[in-house]
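Dock chains B, C and D with the ligands against chain A, hints included.
Protein chains in written order, with the numbering used here: chain A, 1 to 629; chain B, 1001 to 1629; chain C, 2001 to 2343; chain D, 3001 to 3343.
To be clear, the hints were calculated from the coordinates, so they are not data collected in a lab. Among the clues, some could well be false.
Unchecked claim - Computed cross-link-like contacts, EDC-like style, restricted to lysine to aspartate or glutamate with a CA-CA straight-line distance of at most 16 Å:
hint, chain 1, residue 1, chain 2, residue 2
1, C, Lys2320, C, Asp2300
2, A, Lys470, C, Glu2015
3, A, Lys577, B, Glu1452
4, A, Lys128, D, Glu3019
5, A, Lys570, A, Asp598
6, C, Lys2249, D, Glu3264
7, D, Lys3330, B, Asp1435
8, C, Lys2330, A, Asp598
9, C, Lys2330, A, Glu297
10, A, Lys148, C, Glu2015
Claimed, not checked - If you want a taste of the chain B side facing chain A, the calculated C-beta under 10 Å gives, among others:
hint, residue
11, Ala1059
12, Pro1332
13, Leu1455
14, Gly1482
15, Ser1611
As the list claims (entries may be wrong) - Anything over 10 Å on all C-beta distances counts as not near chain B; from chain C, calculated:
hint, residue
16, Asp2017
17, Arg2021
18, Pro2024
19, Arg2142
20, Val2256
21, Met2285
Note that this is a predicted model, so its numbers are computed, not measured. C-beta: ideal position from N, C-alpha, C; glycine also.
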Amino acid sequence: MATVLKQEEPNNPHPEGAENVVVRFAGDSGDGMQLTGGQFTLSTALAGNDLATFPDFPAEIRAPQGTLFGVSAFQINFGSRAIETAGDEPDVLIAMNPAALKTNVQAVRPGGLVIADEGEFGKRNLDKAHYDSNPLEDGSLAKWQLLKLNISQLTLDAVKPFGLGNKEALRCKNMWTLGLALWMFERDREPIVQWLKSKFAKLPEIAEANIAALNAGHAYGETAEISGDGLGGGHLQHHKIAAAPAEAGTYRTVTGAESISLGLVAGARLAGLPMFFGGYPITPASAILHHLSRLKEFGVTTFQAEDEIAAITAAIGASYAGSLGITSSSGPGIALKGEAMGLAIMTELPLVIVNSQRGGPSTGLPTKTEQSDLYQAVYGRNGDAPMPVIAARSPEDAFYCAIEAVRIAVQYMTPVMLLTDGYIANAAEPWKIPDVDTLERFPVSFMTEKPEGPLLPYSRDEKLKRPWIKPGTPGLMHRIGGIEKGVDTGHIEYGPANHQTMTEIRRDKILGVADSLPDQDIALGKAGARLGVIGWGSTFGPIHQAVLRAQKAGQDVAHVHIRNIWPLPKNLGDLLKSFDRIIVPEMNTGQLKTILRDQYLVDAKPVNKVSGQPFTIAEIVTAIEENLS
Amino acid sequence: MATVLKQEEPNNPHPEGAENVVVRFAGDSGDGMQLTGGQFTLSTALAGNDLATFPDFPAEIRAPQGTLFGVSAFQINFGSRAIETAGDEPDVLIAMNPAALKTNVQAVRPGGLVIADEGEFGKRNLDKAHYDSNPLEDGSLAKWQLLKLNISQLTLDAVKPFGLGNKEALRCKNMWTLGLALWMFERDREPIVQWLKSKFAKLPEIAEANIAALNAGHAYGETAEISGDGLGGGHLQHHKIAAAPAEAGTYRTVTGAESISLGLVAGARLAGLPMFFGGYPITPASAILHHLSRLKEFGVTTFQAEDEIAAITAAIGASYAGSLGITSSSGPGIALKGEAMGLAIMTELPLVIVNSQRGGPSTGLPTKTEQSDLYQAVYGRNGDAPMPVIAARSPEDAFYCAIEAVRIAVQYMTPVMLLTDGYIANAAEPWKIPDVDTLERFPVSFMTEKPEGPLLPYSRDEKLKRPWIKPGTPGLMHRIGGIEKGVDTGHIEYGPANHQTMTEIRRDKILGVADSLPDQDIALGKAGARLGVIGWGSTFGPIHQAVLRAQKAGQDVAHVHIRNIWPLPKNLGDLLKSFDRIIVPEMNTGQLKTILRDQYLVDAKPVNKVSGQPFTIAEIVTAIEENLS
Amino acid sequence: MNEMTKITTTLKDWETDQEVRWCPGCGDYAILKAVQRTMPDLGADPSNTVFISGIGCSSRFPYYMETYGFHTIHGRAPAIATGVKLANPELDVWIITGDGDALSIGGNHTMHLLRRNLDCQLMLFNNEIYGLTKGQYSPTSRQGTHSPSTPYGSVDRPASPCAFALGAGARFVARGIDIHKGLPDVLKAAHAHKGTSFIEIFQNCIVYNKDVFEEFAAKKTADDTQLHLLNGEPMLFAKGQKGITLNRKTLQLEVVDVVDGDWESAGVIVHDVTNRSVAHMLVEMQFGAFPMALGVLYDDPRPTFEAAVVAQNVASSAGKKPDLQGLLNKGQTWTVTEDGPEL
Amino acid sequence: MNEMTKITTTLKDWETDQEVRWCPGCGDYAILKAVQRTMPDLGADPSNTVFISGIGCSSRFPYYMETYGFHTIHGRAPAIATGVKLANPELDVWIITGDGDALSIGGNHTMHLLRRNLDCQLMLFNNEIYGLTKGQYSPTSRQGTHSPSTPYGSVDRPASPCAFALGAGARFVARGIDIHKGLPDVLKAAHAHKGTSFIEIFQNCIVYNKDVFEEFAAKKTADDTQLHLLNGEPMLFAKGQKGITLNRKTLQLEVVDVVDGDWESAGVIVHDVTNRSVAHMLVEMQFGAFPMALGVLYDDPRPTFEAAVVAQNVASSAGKKPDLQGLLNKGQTWTVTEDGPEL
Ligand SMILES: Cc1ncc(C[n+]2csc(CCOP(=O)(O)OP(=O)(O)O)c2C)c(N)n1
Ligand SMILES: Cc1ncc(C[n+]2csc(CCOP(=O)(O)OP(=O)(O)O)c2C)c(N)n1
Ligand code: SF4
Ligand code: SF4
Ligand SMILES: [Mg+2]
Ligand SMILES: [Mg+2]
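Bound-form chain A, shown alone (with noise of 0.2 Å):
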């Protein structure tokens, strides 16, 4: 986010006076874990910490209770200064169930504390854990600090007085814990119970029963404190971490589908154009149809269609009668589009397919994050098709990128491919919200009068861009299609000249979107470094963090981040050659790699990652160690 770029310490083994902790709840995925993470997150950062988040649930929609696989985890790293990423290893770990407790506790760093709710902790759920013992009592948690609570217990006692059933009065459960670790992090209540009351503002006694319980938690912290109580070997304390230096501005929390939903309405109103959105659900993606469709005084129109192709040459169309055509989806939806990619590629019209990628191939796992999609991106079309690709490297950033995607997508008339993941979009981080009329404005001009001489509508601005027609305008009636298109007339054209001839000025017209594209940045360290890393995408926090150790530790490293993955940056190559040695980290099998070694003959040697999982700041250390020794 917006802060001057500190380091992110490798855990400092206490808490106490860290410039960062790292906090995960887990539990089962009835026990709202994501929501008492978003709350959490939300007084973290009116705490005025940094922070970055990773919301981890489940597949199912609703995995039998107690489950190992219906585990729901939200991790938060927070500290006094820049976070870029959720934290390697958890300081602190809060588990609901064994369930959580089994998939989770390996990842807590030694010495770390462990809270679980030994209220359910009887024998069923250990079954449906497959613990065969105890591990609250068989002392398999030693290397951690353990805390056992009856959190369950302890909350349907707060709640009694309002008389709710065993089922909703443990539903609170989660507000217990919540207000257990707002005490421990010295946290104001108040924004809480607000929420609380404006949620349940239909049913006051829920607001009031889950208000109780957050106040027990609080209390349960003060009062364990002063009876000094430490069971288990865990002990309980408290500590504020001090605000990190941020610029001044209004701040809100976002995830990447809520700021690639606002960035491209903004986008959208910066070209002075309507927007129509053609959708079809599919997880990660669905998120931006969701934000969208409540948007419509915005002059956004949603479609939901009746599969993904419907879904983007609907959008299509809609750019052709003079709407800004949007579609999203993600990796087998994008799979579906290739075919009318190629037809907004032949037409020369508008628009803007969002990919939010997500663990392949097919259907893979479509809850976890990947980066695999690049080749798709770039490559994945039946003929000569080029087309821009960029990509978004945080929720932050997504805003920006989104703008971008539509500025190419209409001062260029071609469609343009904005890479997302499943990691930028469910994670949430504070967003210095920027003030809109700093927002440079690209408005769009229709092409309205009949020309002198014939109607051309295939000829080209000094940017190779056609002209914007749009049906209903009195007298330029015309046709296009997929089939090839005459020079200037955009009549059907077979001749072997003339294809030649389109198809360098569809080659010529992307490659000259470089010449709007700002030069290449370093974000850390300089040209000639020893190792130059290279990422793109969500790798970003890591990667960073990972540099500035390598730095602290005195090695000659630099990070640059590729933000236009086609058309590249004009001096990307020589930035790149000025290194000794070039590594890439990417969520996938070696994609982006593929792409510079091409461009560029450059070494680049690929450092990948394909768990579902984000790098932790650790594996890229490690990688940067290898290829520097």
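Structure of chains B, C and D with the ligands alone, referenced to chain A:
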């Protein structure tokens, strides 16, 4: 074809004594030029000449008579030694109407012979061809030998005895022309007479009329020669081209579409499998569906699906059930199959996908040839989705490539992409028919026995291949699907480590295919040459001839033709690095070039042609010279 | 179609300078002329008219109409038309498609276009064959059709375009024949209908499926083979000597003889274009035992998709102003000043 | 389905070791049990049974059946099943799909499966919502459905699965409810039918579309809200006090009161599963004015696709032997010897 390779001279100024002659028949779509060409091809083959052809017909089904876009042409290059291209410039052009003359005469080498049917050069036809004056009269054809014959009238006279209507009678024009052509090159009319008799068995008078026209055309040649009749500058002369030295054996002419169909049938039998072919019509892929639909006695089931997605998914279903699943299409249709390819990759089922490439992007140029789907073949899917890719270089080679594709598919349980193109699909060449007993068998063995311990549908053999288990097999019930699979078990598995492992297995399995491939050979020249010309697919002929010429001119050039696009042969890297310079001629904007540069960091320079027409030898000779100076 | 100010044009105004590229004698020529002849009668405005097609011989149609035209990709015209119409509901949208384009690869989009009831005219040129790809059988080809892909005859049962359309929720279904003088009237009724007007046109592919419709399209036998439906009129054919009735016992349609014009006592059904039950029976009437039903089989409008979308866009925007800054600032925000953050 | 030697199994034989991953209380559980309970009664053989699904909550079904199973990709199950059945017609093929899988992205394949009449059972779990993707409206959602993608309510008109199926040419159409005891009988009738058996099952998505079917699925009001169809039986409901008749004038269905059991004079229709005209009316009966028609609405077999394909494969192979060398040598060949080429 299977001849000892020799060089195609740049066409000798005088056909007399030339090593090879290039003849082009051009007329209206309705004039039966493709038929004429086909029969001339056969007689050429029977005369023992080597040959290559290039049929070039309009995109329209039956374009209005006499129009420029309705012209259909057939070019044949034949000679007394190895022929590998259809020839750069025709020595002889036979033009049946003004439109045919206009669209083809510029290609004829200066001094070449132009025969025109003056009977068709009336005002209406001249207008349709946008001729202001009659080119047969206005001297505009001075740089060629022009021979004006009223073929229409001569044909009418010849067939008068059979009392056909004027329309039917004129239909015999092409046979008159063929007769003349046969005379010019001293060909036996008998096989064609036989063919006409069988073709029109049910219409004897039509057969007789055509035979009469054929004989009349032939007789005209005789008499014209005797009378030394060389009107309009053109001079009829006839001469025999000696037979080309060819390996002993049985030959036939074959087009790529035929040979691929035959290769797939052969492949299925070598594997011991029934074949299921799922297709949806599209030019130029449809011919394969047509051929296979007539071969049911070979255990071939053909299925014309509702669309390309149904075609490939039905084929996947058939493979799942134990047949050899095959699907075929061209660019736009292949784009639609991308998502399903991912399913075949994830479920690890054998599948052959044939892509008959055509001009793109989008609908593009359906009847023209191009190599622009290589990116799509290698990279065009969501996720990390590796798949073997093979490219045929000629109709003959296509037969063996098809067998190879089947072998890889079943031996590695993987989809395989077989690339061909519109040129190969339609071009005919003599083919030395192999002895089927010499073709290596690779029988498939299904898993039929319940193993000791648990059934592991994703266990692997040394090739990393998983077992193929047919539904219907007693006791081996199991479930597969498109979600990530657990190692060995094949159960749904979302775990990070498992996804990493499976992704690597999928990658390594495909890379392992290279172990079963022969080393990359050198088509011409040797390792370490100053210039390596690297090609793939149907550019083999022109590249080969161009390199031959360059070598004759004393230049140190080598030709490497890559058949296995992915994975690449293991020794290819070393071979490429041995050349001082490398150029890669492709009928696209530089796609194989990307793979070579990525894989080997060699400075492979693209030489591109995207006109929908094959390379001429001259174009590549030029490229060679530019890159050697 | 939508309200529009009628303007005056002549047939010539609707012709382009492009050479028409269909086979000589193709039924498409007749349909093109019929449309070009009808447009002036509709008072349509070329500048406000869009012809959208997929891929096929039929789909080349837009190139020959002096209007806005989009020759898209195979099977997707209905989806593209949906985007066009939602982006500008004022446009008069025509979809031109074939039996393969609309019912094979495009079946799903055709279904959803009809379900949503987008206001447009869909003209399906049914020649029971894939013309452009040189004659393979199509989903409407009769069983036993010999084609390059079915050398031994097709085995699958053909789809009935009109039955499919009704099943998908169509509110207007009509049938016509390429060369028939009645075609313009069908087009006018379709254009007058608000919502998706589904028009099946029997089109003669003289190259690959010559005269497949002769048995009922032939002029000389037309009286006995064609049932021309007119709203409010009895279902009579064969010069009024035969009619269609519903057997009140079997609850199936039957052909009855009509003696000296007394169709009432013969129980001949009076055509009610809003009767969906009867429409279902009409589209499934097997030719042979019955005549071929032509004209407007069903016409019962419902609110259109784009109207509902626009209405909701307006309603849900009411009172809200598109304040981008306000949108960005939504939710719980805080400001950072020199002395730290605050709500 | 196909002929097969009946074998003896118990419910347990059809359960897998996989943990079932649906939301607690999901209607899918009841359907799973109903199928597992029915299989033994069919004498089905797990080794010879294949469950093929697309993507969706419903499509996870195959993982829980101890048979061969293929969890494919979204919307393509019917096409994959076609390949499976053509490759091995002996297999007993079941397709499991959802309202989105079968009617949204998969509509075209569903249509052509029905048109071709492949022998299989297609079970469409209709919960009128996209469950797996967390609750967006589907093509069967009622107008005004509030969902994440339609926060102001959906505007498009819902598709009627059974009407769509009939329009596509279905020869067997049935309806059931997830938790109803009648479901197994519907499954048995479907399995007995040769050809594509289309079964719509109202399935309760308790998380995203809880109890949308209550108005007719609720036990207590069932008598008045459900019409249980039985071939040869009069269409009676409300404990026999009401029935369905065809108004012989308007030619539309109507509900009539039946006085002390005399349904005949009330003109109540006797259900004939082979009457396609009536089937069309039944599937379009609007709930509210009419009860919900359940059970086998239509059942009139026709030859199956795979049977026709196999028959043609056999017929056209008759007398020909698969001589590969002969095939390669087809057409005009010539041999090259030392002394040149000859025919
Ligand atoms: C994605 C894709 N698949 C296949 C084709 C090839 N193709 C073009 S038109 C056509 C069918 C034409 O039949 P129909 O829709 O009936 O139109 P007609 O030519 O008969 O008028 C096909 C299969 C294509 N162009 N694109
Ligand atoms: C190509 C593709 N597009 C979209 C998706 C996302 N997706 C999965 S299931 C589904 C719809 C599920 O609805 P339905 O078929 O009714 O099944 P249900 O979950 O309700 O049982 C969607 C849109 C996908 N997996 N693949
Ligand atoms: S192929 Fe048939 S449909 Fe196509 S243009 Fe020719 S006649 Fe018309
Ligand atoms: S989301 Fe709905 S359909 Fe899916 S499992 Fe849960 S209850 Fe069942
Ligand atoms: Mg057609
Ligand atoms: Mg559903």
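> In ascending order, which of the hints set out earlier in this document are inconsistent with the structure?
Replying inline: 1, 2, 3, 8, 10, 13, 17, 18
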